[in-house]
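Engineer: These are the residues of each chain, in order.
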Amino acid sequence: MAKIVFKHPQSLKENIYHYCPGCGHSIVHRLVAEVIDEMGIRGITIGVPPAGCAVLAYNYFDVDMIEAPHGRGPAMASAIKRCLPDRVVFSYQGDGDLAAIGIAESLHAANRGENITVIFINNAVYGMTGGQMAPTTLLNQRTTTSPAGRKKELDGHPVKVSEIFSQLGGTTYIERCSVSSPAGVNKTKKAIRKAFQCQIDGLGFSMVEILSLCPTNWKMSSIDSCKWIDDVLSKEFPPGIYKDNIAEAKNTAEAAP
Amino acid sequence: MNKVLMSGNNVIAEAAIRAGCRFYAGYPITPQNELTEYMAEHMRNAESGVFIQSESEVAAINMIAGAAATGVRVMTSSSSPGISLKQEGISSMAACELPGIIVNIMRGGPGLGNIRPSQGDYFQATRGGGHGDYRTIVIAPATGQELADLTMDAFDLADKYRTPVMILADGMMGQMMEPVIFKKPTPRQYPEKFMLRGAGTGKSKFIRGLLLDPIDSEEHNWKLARKYEVITKNETLHEEHRVDDADLVIVAYGTAARIAKGAIKRLRDHGMKVGLFRPITLWPFPELKLRALSAKVKDYLVFEMSTGQMLEDVRLALQGYANIEFHGRPGGAVPTPAELANVVAKIYDRKD
Amino acid sequence: MIVKTIFSGFGGQGVLMMGISLANSAMSKGYHVTYLPAYGAEMRGGTANCTVAVGDEEIASPVASEPDYLIVMNLPSLFTFQNKVSAGGSIFINSSIIDARPNRQDVKTICVPCADMAQELGNNRVANIIMMGAFIKKSNVVSPDIYLKNLETIMGSRKKTLAEINRKAFAAGFDYIKD
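Residue numbers (the working numbering), protein chains in the order written: chain A, 521 to 777; chain C, 301 to 652; chain F, 213 to 391.
Calculated directly from the structure, the hints in this document are not laboratory data.
Backbone N, C-alpha and C define an ideal beta-carbon position, used for all residues, glycine too.
Hints are not guaranteed to be accurate.
Said to hold, decoys possible - With a Cα cut of at most 30 Å, we get these calculated DSSO-like pairs of lysine-lysine:
(1) K598(C) to K533(A)
(2) K565(C) to K320(F)
(3) K651(C) to K527(A)
(4) K361(F) to K483(C)
(5) K484(C) to K710(A)
(6) K714(A) to K503(C)
(7) K523(A) to K503(C)
(8) K505(C) to K533(A)
(9) K296(F) to K565(C)
(10) K505(C) to K527(A)
(11) K484(C) to K371(F)
(12) K460(C) to K646(C)
(13) K296(F) to K646(C)
(14) K589(C) to K714(A)
(15) K241(F) to K484(C)
(16) K533(C) to K484(C)
(17) K372(F) to K303(C)
(18) K755(A) to K671(A)
(19) K565(C) to K241(F)
(20) K320(F) to K303(C)
(21) K361(F) to K303(C)
(22) K523(A) to K710(A)
(23) K303(C) to K371(F)
(24) K493(C) to K533(A)
(25) K303(C) to K350(F)
(26) K598(C) to K573(C)
(27) K523(C) to K533(A)
(28) K460(C) to K483(C)
(29) K680(A) to K763(A)
(30) K303(C) to K241(F)
(31) K241(F) to K483(C)
(32) K380(F) to K303(C)
(33) K350(F) to K565(C)
(34) K710(A) to K503(C)
What the hints assert, rightly or not - Taking beta-carbon pairs under 7 Å as the criterion, some of the chain C residues facing chain F (in silico):
(35) P331
(36) P479
(37) I559
(38) S594
(39) A622
Start from the sequences and build out the full structure, keeping to the hints where you can.
Structural biologist: Written as structure tokens, this is what we have:
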């Protein structure tokens, strides 16, 4: 009999994605679901989707979910985790949700060292509302609200979330990945798994920032989008591990009485 | 249980913990800081109690929404400007049918206003406050004892109707100490099917307020409206004080109602038959009860520490069947019973 | 019967404590009682005051627009509140540090050098309790026994020596007022 090498993850419902062709959300949803399956945590996982394209994530993830108002996912996730410390709680946020309207909730959840996991989709543009400027939009990048390109004098600079959050005392594990290539996808899955494990081990705040595709609003083909991530976006937002205190946090946890 | 002398802010917090509140999030703002501080001190002694000093009122309301979803009894508190910030979450809790208690210890407004006692948030509290077609149950205690009793009842109401409940008091109620006796709370009844605690081996659940299909959304709105109708029918509370022989009735709530009682005593000493109608629930407003009273009393004075907000509900309730006058002291001014008595006496003399 | 009293002074003089101890005593005697502190920004900068109402009927307003008694522990308090006191009311003055006297003829003035007396007792911090002794004697809102019992309850499980010095201080103030 042939060995099954690819199947529909159990933690993903059979609904057809509403996402645009080439959208990175579909990939990341699948990765998160695969990790949940592999870790056997479907029954104890609670997800908090954002406002943004992923607002309908509960149509896809077959785990308990509660929708958060725009940007407030980490506040909700913090409370859920504090009430149910033995559950696995993650918030799923876009760049507007995390780095603009919800920067306070996100930063303070991270700084408190809440034992939750944040899946952060950075595609440098507002998807759901139709391609407006995001806090992570690159300088000179054209969007519908920066038609002449983002100007630092008027619009400020791209917000580097992983760099900022890694400076906070409360964070344990922060990695930036990209889903622009098969290798990147594999790396992203590994990072997500590591982040969830960090939480399960009770080691504190973990975040995976994922450079993701938005061909529709970038007005590019999927192939060009992948290329743009590798050649342009990842220059401003270099992938890599920004913080990994897992070993240290483990030692501290074990040393504690 | 012995009588204890406690500030209103502490009474609310203690009553909440006794009622089984196990999650509190809040952000400091005068004049309700003692409530937050009390929770910080005492929630950690309560079994599984969680206290979070949130980064903002916006975060606090969303935290209690998250905690409520897990099936825990929750509370947040603030004062007027902070309550404006919480509206996003209150609307969201109403939409998602999450029970929770929001305490507003009102201060002078609009804007930053001041920190003196005021009643300027009546519209915000009773008309929903945030966006969309929803209401919150609004309870307005007037004594320390009511703060204790009604805070406990508020949790039961929130559970029963799966809706946010607001306790609306003011800086005076929050700061003032009065003797209280805490009653025994009733055991909680809240079905597990409404709790989000992980799917286990079963079907996964989701809680949401976003309904993109307008027909679904319309049905959801009507469902909420039907719930509000039931609440309106069953849950109004009010007090009538010396109305039986009254020629004129003052309509006032909370601190204003206390002042009115003082004024009524003075007026009665001078032979003027004045009574008080005190709504205890502001939404639902005890409309039918007030209308019934208009069968025998034809003259009313609405007295508020605002420019006249509950006044509109009184007009709607009386529907032109009675004469309505108004006296207001907005912006943090607290009138004396003597002042109010003078105002009433003038009206009393004028009427036929 | 409703009796309203305002206590006022510098922060640190134990002014709020005076109000709370009176309110507790009156409560334990079965009276209706309200205690209203000044709060927030007006407390920053060193002044403190509170209002206690004691009655055998429901207390409508906890605010004292015309207090029966005023206890001032510092000079600014005298200026702030002396004109509010009801005609026939009483003003208690910490005469150790207040030289001025009320400019009203229709109120009684009771001068108690409570800060000096506290120093004589060897504890500057009991000036407020000395004043309470004088106030309780004169006002008779509650009996001295009830007051002292409640004072000890509020002070809680703190040192016995504290209860002792408080008792002495209260007696000193109480005896200072001659009938």
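Engineer: Looking back at the hints listed earlier, which ones does the structure fail to meet?
Structural biologist: When the structure is compared with the hints, numbers 1, 3, 5, 11, 12, 14, 20, 38, 39 turn out to be violated.
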